[in-house]
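These are the residues of each chain, in order.
There are 2 protein chains.
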Amino acid sequence: MQIIPPALERLMLALSELPGIGKKTAMRLALNILRRPPGMALELSSALAQLHGAIQLCSCCFTFSENDPCAICADPRRDGSLVCVVEQPGDLMAIEKTGIYHGHYHILHGVLSPIDGIGPKEIKVSELMARIKSGTIKEILIATSSTVPGEATASYLIDRIQGTKVQVTRLACGIPMGMDIKYADRHTLARAIESRNPVR
Amino acid sequence: MQIIPPALERLMLALSELPGIGKKTAMRLALNILRRPPGMALELSSALAQLHGAIQLCSCCFTFSENDPCAICADPRRDGSLVCVVEQPGDLMAIEKTGIYHGHYHILHGVLSPIDGIGPKEIKVSELMARIKSGTIKEILIATSSTVPGEATASYLIDRIQGTKVQVTRLACGIPMGMDIKYADRHTLARAIESRNPVR
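Protein chains in written order, with the numbering used here: chain A, 1314 to 1513; chain B, 1314 to 1513.
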């Protein structure tokens, strides 16, 4: 017997496609949406329907944007000689929230992962090299994640860029702000000791 | 500066309306949807758009259904003299999954919660009393949650029904299957001791 109405099951299936949402959570979400007035479902539906049409990749830095070039690339107050290389647009948003960075960005849209068949051609590496060749960039700040594929991607980029005149820098690794030393993992602590700074 | 494109922000806002989805999760989901081909977003959008139009409440048991009466109320093989009272349609689905129950249902669509202004008139209590008055029901199995409002609702229903000729039963409370006694909480254990069964 069909206990779950097909229209509800269809929504549950579509929701369970989202990352971190299993069958039980999808059912809970779908039932919650159904219990509420239709307005909420229709707003979410409409936001989803217009999403891919409204957003494109900036042809310069490859972040998600409604305009091309994006607001950051088009802003004359930002420093175009400094480019921060990140894995995904979400990383750009996290760095923008700090309010401390005033350069441009370059979104790779992935990391090198040979086991998944992702090589340099699958991410925006040649586009980065073309930006470097154009001559306005003085510093590349590599801000890939501190994970195995993130570090491998950083090493690969450093190798590629070191033949050029551009200065390559990386985010500092060390103890997170507010963390008790005794709870820091030993790899982070080792990195913090190696990268210790002289007190000025 | 508008770092997050408005179309993406709109989706994030709509997603963060869902229960258990905060701003960070909404951003992660929205970026994931954007990174994937549009088909997934459009399917979810369409599933949401048709949801409220396709599904109504069964006029007999008040579960979500595309037909009225629902498949359970319309099934002549099910026992209409036994009615299980649950809080929400999700509870019905959980009970149906056991495969052990062959009676009808009655969905209250809530529990009594005076602090939230939810009294008997806000949930489907009068509809249940009307079904009882119609005379075909012999047993009401109360399956509200084992929470404070669930228990209060059960007590209220028992009071209301006890004036009629209908037998009222409740789900057994005790040790969950597979649970180690030493990890059971003391209220559950106390209930299991009080409700101990003679070995046949």
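If you're looking for bench data, these hints aren't it; they were derived computationally from the structure.
Hints should not be assumed to be uniformly reliable.
In this list, chains with the same sequence are indistinguishable; a pair is considered to hold if it fits within one copy or across any two.
Claimed, not checked - Straight-line C-alpha distance at most 30 Å; calculated DSS-like pairs for lysine-lysine:
{"#": "1", "residue 1": "1495", "residue 2": "1478"}
{"#": "2", "residue 1": "1434", "residue 2": "1478"}
{"#": "3", "residue 1": "1337", "residue 2": "1495"}
{"#": "4", "residue 1": "1478", "residue 2": "1437"}
{"#": "5", "residue 1": "1437", "residue 2": "1337"}
{"#": "6", "residue 1": "1336", "residue 2": "1410"}
{"#": "7", "residue 1": "1337", "residue 2": "1446"}
{"#": "8", "residue 1": "1336", "residue 2": "1437"}
{"#": "9", "residue 1": "1451", "residue 2": "1437"}
{"#": "10", "residue 1": "1434", "residue 2": "1446"}
{"#": "11", "residue 1": "1451", "residue 2": "1336"}
{"#": "12", "residue 1": "1336", "residue 2": "1434"}
{"#": "13", "residue 1": "1478", "residue 2": "1451"}
{"#": "14", "residue 1": "1495", "residue 2": "1434"}
Source: prediction; values computed, not measured.
Status of the hints after comparison with the structure:
1. 1495 - 1478: neither (41 Å within a copy, 68 Å between copies)
2. 1434 - 1478: within (23 Å within a copy, 76 Å between copies)
3. 1337 - 1495: Answer is between; shortest inter-copy Cα gap is 28 Å, intra-copy 38 Å.
4. 1478 - 1437: within (20 Å within a copy, 75 Å between copies)
5. 1437 - 1337: between (37 Å within a copy, 26 Å between copies)
6. 1336 - 1410: between (34 Å within a copy, 14 Å between copies)
7. 1337 - 1446: Neither. Shortest intra-copy (51 Å) and inter-copy (37 Å) distances fail the 30 Å Cα cut-off.
8. 1336 - 1437: between (35 Å within a copy, 28 Å between copies)
9. 1451 - 1437: within (19 Å within a copy, 70 Å between copies)
10. 1434 - 1446: within (18 Å within a copy, 73 Å between copies)
11. 1451 - 1336: So residue 1451 and residue 1336 fail the 30 Å test inside a copy (49 Å) and across (36 Å) alike.
12. 1336 - 1434: neither (35 Å within a copy, 33 Å between copies)
13. 1478 - 1451: within (8 Å within a copy, 87 Å between copies)
14. 1495 - 1434: Neither, since 42 Å and 57 Å both go past 30 Å.
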